[in-house]
Amino acid sequence: MAGPTVPWQKRLLHPAAKPLVFLACLLPFAWLVVRAFGDQLGANPAEALIRATGDWTLRFLCLVLAVTPLRVVSGTPALARFRRMLGLFMYFYAAVHLLSYSWFDMGFDLPEIAKDIAKRPFILVGFSAFVLLTPLAATSFNAAIKALGGKRWQLLHRLVYGIAGLGILHFFWMRAAKNNFNEVFVYAAILAALLGWRVWNRWVKPRRKVVPGRVASAR
Amino acid sequence: MLIKTNSDGFNHSASSDITPQGIYQRRRELIKLMATGTAGAALAGWAGRQALAQGVQKPGKLAALAGGKSAVAGAVTMEKVTEYKDAASYNNFYEFGTDKADPAKNAHTLPTRPWSVAVEGMVKNPRSFTLEELLKLSPQEERIYRLRCVEGWSMVIPWVGYSLSELIKKVEPLGSAKYVEFITLADPKTMPFVGSRVLEWPYVEALRLDEAMHPLALLTFGMYGEVLPNQNGAPVRMVVPWKYGFKSGKSIVKIRFTDKEPRTAWNKAAANEYGFYSNVNPLVDHPRWSQATERRIGEDGLFAKKRKTLMFNGYEAQVGQLYAGMDLKKNF
Chain A
1 MAGPTVPWQK RLLHPAAKPL VFLACLLPFA WLVVRAFGDQ LGANPAEALI RATGDWTLRF
61 LCLVLAVTPL RVVSGTPALA RFRRMLGLFM YFYAAVHLLS YSWFDMGFDL PEIAKDIAKR
121 PFILVGFSAF VLLTPLAATS FNAAIKALGG KRWQLLHRLV YGIAGLGILH FFWMRAAKNN
181 FNEVFVYAAI LAALLGWRVW NRWVKPRRKV VPGRVASAR
Chain B
1 MLIKTNSDGF NHSASSDITP QGIYQRRREL IKLMATGTAG AALAGWAGRQ ALAQGVQKPG
61 KLAALAGGKS AVAGAVTMEK VTEYKDAASY NNFYEFGTDK ADPAKNAHTL PTRPWSVAVE
121 GMVKNPRSFT LEELLKLSPQ EERIYRLRCV EGWSMVIPWV GYSLSELIKK VEPLGSAKYV
181 EFITLADPKT MPFVGSRVLE WPYVEALRLD EAMHPLALLT FGMYGEVLPN QNGAPVRMVV
241 PWKYGFKSGK SIVKIRFTDK EPRTAWNKAA ANEYGFYSNV NPLVDHPRWS QATERRIGED
301 GLFAKKRKTL MFNGYEAQVG QLYAGMDLKK NF
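Sequence order for the protein chains is A and B.
The opening position of the first sequence corresponds to residue 1 in this note's numbering, with each subsequent residue numbered one higher.
The opening position of the second sequence corresponds to residue 1 in this note's numbering, with each subsequent residue numbered one higher.
Hints are computed from structural coordinates only; laboratory data are not their basis.
Incorrect hints may appear among the rest.
Listed below are the simulated EDC-like cross-link pairs for lysine to aspartate or glutamate, each with C-alpha atoms no more than 20 Å apart in a straight line [claimed, not checked]:
#, chain 1, residue 1, chain 2, residue 2
1, A, Lys119, B, Glu151
2, A, Lys115, B, Asp285
3, B, Lys254, B, Glu133
Restraint ranges, calculated between C-beta atoms of paired labels, are given here [as the list claims (entries may be wrong)]:
#, chain 1, residue 1, chain 2, residue 2, range
4, B, Arg208, A, Leu27, 51 to 59 Å
5, A, Leu124, B, Ala271, 20 to 28 Å
6, B, Gly68, A, Phe181, 43 to 51 Å
Think of the CB as a built atom: it goes at the ideal place given N, C-alpha and C, for glycine as much as any other residue.
Please model the entire structure based on the sequences and the hints provided.
Have a look at this one:
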């Protein structure tokens with residue numbers, strides 16, 4: 001059985017672990033920047049950038065929501081150290097996604113962007129998800145948690161489940177243009193599994209049996 | 001209407017209106033200079049046109065297919081031609097995948113020889129043409145057309161082919177024929193995405209007979225001085241430059257003349273989004289996005305503002321009369 005003394009779990013506590021994860025999270029962005037400046041993004045670089053940053057937002061959403069199930073199932077409390085960073089990276093990629101759309105697709109034409117948001121439901125949904133994500137990113141430092149109080153902070157941060165739904169809807173509508181939902185279903189299935197586990201962990205598991213010595217938590 | 005003006009040619013409100021005597025006396029020289037200047041500019045344009053026509057570099061990938069000069073109005077745009085690598089690697093051909101990089105990756109399996117096109121329906125001479133017969137049916141011409149995708153991007157592509165009307169004249173449509181339907185290959189063995197639920201297969205497109213007879217409607221066999229690459233619809237496709245790209249069926253195996261408006265592939269998939277006509281029209285938005293602007297692939301860089309989309313993709317002078325009196329918002 002895995003325990004806190006297993007070497008790889010110890011490594012998660014190493015002082016270099018956080019900077020390393022940070023750099024790893026930055027790699028997709030760095031790779032996009034390198035390819036953008038090297039004219040390696042294909043025939044339509046704007047589209048490539050917008051799509052890639054959207055994909056990475058969804059991937060980081062999956063990653064950050066996987067932290068708690070992984071931590072509980074594998075009994076690795078050290079994983080929790082990375083959750084905030086992953087969440088902030090999700091916000092980072094979402095921000096770059098919105099920026100790419102506003103800049104490369106709309107040329108920062110604010111009235112046009114406003115019209116586009118109103119005209120295209122999938123843009124509206126994506127934009128709403130970003131707006132909802134902003135208070136979460138803004139309250140991710142310790143002082144904010146203290147100021148809000150743990151309970152209220154947690155309640156606020158449960159918004160992420162709604163945001164996940166909006167994100168998938170955004171992706172679904174975008175792909176609806178091509179009737180091409182395979183990837184949408186993959187992300188939806190991953191997110192559904194991660195949310196499903198939380199429901200099971202919170203309501204189903206405790207009724208079956210109480211695990212002694214471990215606090216069931218699904219945050 | 002009486003136009004009143006204060007200047008009678010001799011009374012000048014400001015001294016700056018008066019031509020200095022020296023220049024006035026040199027006016028013949030000026031006229032001469034202007035004349036040669038204009039002629040020079042015209043010559044420059046003509047020279048540029050020649051340079052451009054010759055500037056279509058053969059990529060050296062496939063068999064050569066030369067196209068002669070076309071006499072058709074609007075057949076050759078002077079705009080910068082899109083690079084072959086972009087035109088041959090970024091396009092939609094759903095039989096080979098829904099991503100625009102898929103066709104170039106997957107279409108190598110398409111067998112383009114032997115190939116024949118059956119012409120049937122309301123024609124006097126229904127028959128099947130082999131590809132070789134079609135290639136020789138009329139002289140091949142080079143047509144440099146703008147291509148506007150419904151998704152909001154565009155290219156400039158030098159196609160090689162001849163007016164579809166040449167073929168239509170040969171088969172002699174009956175008086176009752178009103179539409180021409182293009183049925184494309186749907187072979188699940190060589191086309192991995194045929195059978196996917198994205199669209200109904202085979203991919204069918206259609207034109208009104210008068211649209212199909214328009215000299216700009218091109219039966220196309222090549223691009224960039226070579227035969228079509230598989231991913232661009234080899235060995236024979238349509239190119240209808242004033243309509244969104246999806247109206248131009250690729251890898252055509254059957255052309256059918258009919259009296260009823262055919263249901264076309266995208267129209268069947270989403271009738272409220274893709275109309276039968278699908279003429280390029282900046283004033284009629286797609287229900288989910290604006291069609292007012294477009295990004296020219298390879299030219300409009302990341303930081304460039306998108307360019308304005310032109311009515312009928314800039315072919316209004318040539319094709320506008322086909323739609324005289326039609327409500328283009330209703331018949332989108």
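* Arg208/B paired with Leu27/A, Cβ distance criterion 51 to 59 Å -> holds (53 Å)
* Asked: Falls inside 43 to 51 Å, the C-beta gap from Gly68/B to Phe181/A?
  -> With Cβ atoms ~47 Å apart, the hint holds.
* For the pair supplied as a hint, Lys119/A and Glu151/B, confirm whether the alpha-carbon distance does not exceed 20 Å. => This hinted pair holds, its Cα atoms lying about 16 Å apart.
* Quick one, are Lys115/A and Asp285/B close enough, alpha carbons at most 20 Å? -> With a Cα-Cα distance of about 12 Å, the restraint between Lys115/A and Asp285/B holds, given a limit of 20 Å.
* Does Lys254/B pair with Glu133/B here, judged by a C-alpha cut-off of 20 Å? -> holds (15 Å)
* **Ala271/B and Leu124/A - C-beta distance against the hinted 20 to 28 Å** => Holds, since Leu124/A and Ala271/B (Cβ atoms, about 24 Å apart) stay within the stated range.
The structure agrees with every numbered hint stated previously.
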